[in-house]
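Enquirer: Can you make the complete structure from the sequences, with help from the hints?
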Amino acid sequence: MSTSSTLRGLIEKRGASRTVDGHITACTASRDNMRFAFTTAEGDVIIAHRADLREPASWATYAVHDGAALALAPDTDPSGFLTGGDDGRLCRLDMHGEVEELGKTRRWVEHIATHVDAKTAYIASAAGKQVELRDGRGEAVLKTLEHPSSVTGIVFDAKGKRIAASHYNGASVWYTQPKSESVRPLEWKGSHTGIAIHPAGEA
Amino acid sequence: MSDASPTSDPADTLVPVTVLTGFLGAGKTTLLNHILTAEHGRKYAVVINEFGELGVDNDLVVDADEEVFEMNNGCICCTVRGDLIRILGSLMKRRNKFDGIIIETTGLADPAPVAQTFFADEDVRAKTRLDAVITVVDALNFLQTLKESPEAHQQIAFADVIILNKTDLVDEAQLKAVEDAIRKLNAFAPIHKAQKGNVKLTDVMDVGGFDLQRTLSAVPDFLENTHHHHEEDVNSISLTLKTPLDAGRFQMWISALLQEKGTDILRTKGILNFEGQPDRFAFQAVHMMADGNSIGPWKEGEVKESRLVFIGRNLNRPQLRRGFESCAVS
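Here the protein sequences line up with chains Y and C, keeping their order. Sequence positions in the first sequence follow our numbering and run 1 to 203. Sequence positions in the second sequence follow our numbering and run 1 to 330.
What the hints contain is simulated information worked out from the structure, not anything from laboratory work. Everything hinted at is true.
Derived lysine-lysine pairs resembling BS3-like cross-links, with alpha carbons at most 25 Å apart:
{"no.": "1", "chain 1": "Y", "residue 1": "K104", "chain 2": "C", "residue 2": "K97"}
{"no.": "2", "chain 1": "Y", "residue 1": "K129", "chain 2": "C", "residue 2": "K93"}
{"no.": "3", "chain 1": "C", "residue 1": "K93", "chain 2": "Y", "residue 2": "K104"}
Expert: Spelled out as structure tokens, the structure:
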């Protein structure tokens, strides 16, 4: 009780809120932490800039997906976002509000992960049992990774050398470099619903 | 178990889900398209499997993967459809976009994991209700299919409603033979004859709530003295009890029974008259997973009796009857 009233106090003092029809399906900050994005079950993406964070009326809304927006991640550039929807599209929403379709499948695009460092940048998206690994621009598909069942989460390691996907009865770890085809299956019985990698690569 | 009044019945706010099963080529997709294009002013979200050859004419179509997950209770028959849990969860965030959900399974699928998903997963249970399992039967090829595949037996056993399709392709004698074969496996599900899936919508959609009651009240008493079937075959048994039941005793008996014999008992359904309860209690189970709720008071002039139906293998009628009778208030 006291926690929730403290939180509400914080929102009133330091933040702002806006209510949308339907559900919010995901939220994240852009890579430069200047903008925040929220996706909705209506397929919209709401962008709040740090400058007008406290004025929800000025937050921009973009209709990106036909159907629900299911996945959201910061783009490989500092200010954009990537979204996936149940229309099977992987989209880029840049800082000017332009929407670019990077890919389209028959399946729901349910997960997106990105990695950027000085040397490389990758975009990964999961639809059904497949994970597609793209270059930082998102234009070329470098690899298509097949899994035994629907992918429930994807994550890059801190250095971008490996990508791991969780699914039913375990997880699969792949190398991102194009020459390596091998997969390291980590079997653990049960339904895995998400995945994370230790920041130092220890687990 | 609460005595909810009809207006505040939570069942009304749950999204009805219809499961469409049937062997390959029986006419599931044709029936599906018939349902979707009919004039009903309703919107459906459709979950199909990836092997469908015919296109489905609908706005909201979701491809599913038929991923069968075991539950972590160590029981091999306690399986659910993991992909459905995910898809239904996501669809429910867009509750306002449709009035009902139709799930089409592949011809080779065992319907149990689909049905069990609606019993086992809390989130799914909280928002949806399994309206009915509709099994489409191809009148021309059914007898052959039945000989060759155990899945066909399961699909008939699980059916709440059976659509006997392609009746124009067979003569009277074969139609009768097919009906008899169906009745041996599932004596209770209403059979609707159709050609190219042309069924009345009221026969297949939104049948759930009263279906159980209609089905059970239509249970013919000749079942009581029907000839003896092969024990290993899927078979159905109906029991009736005029004396009110003791709720506690019934719970004890049925949960022990399903625990022990749940692998063989495919489905259990019943309308029960509990002592001291003004409402009828609807009970149903898929294998070991059971569920029940009160479904309003007895109708004027309706005989207050409890009826229980089992569909499964190796059903021991005398034993089941003795067990059921032992639940009566003394």
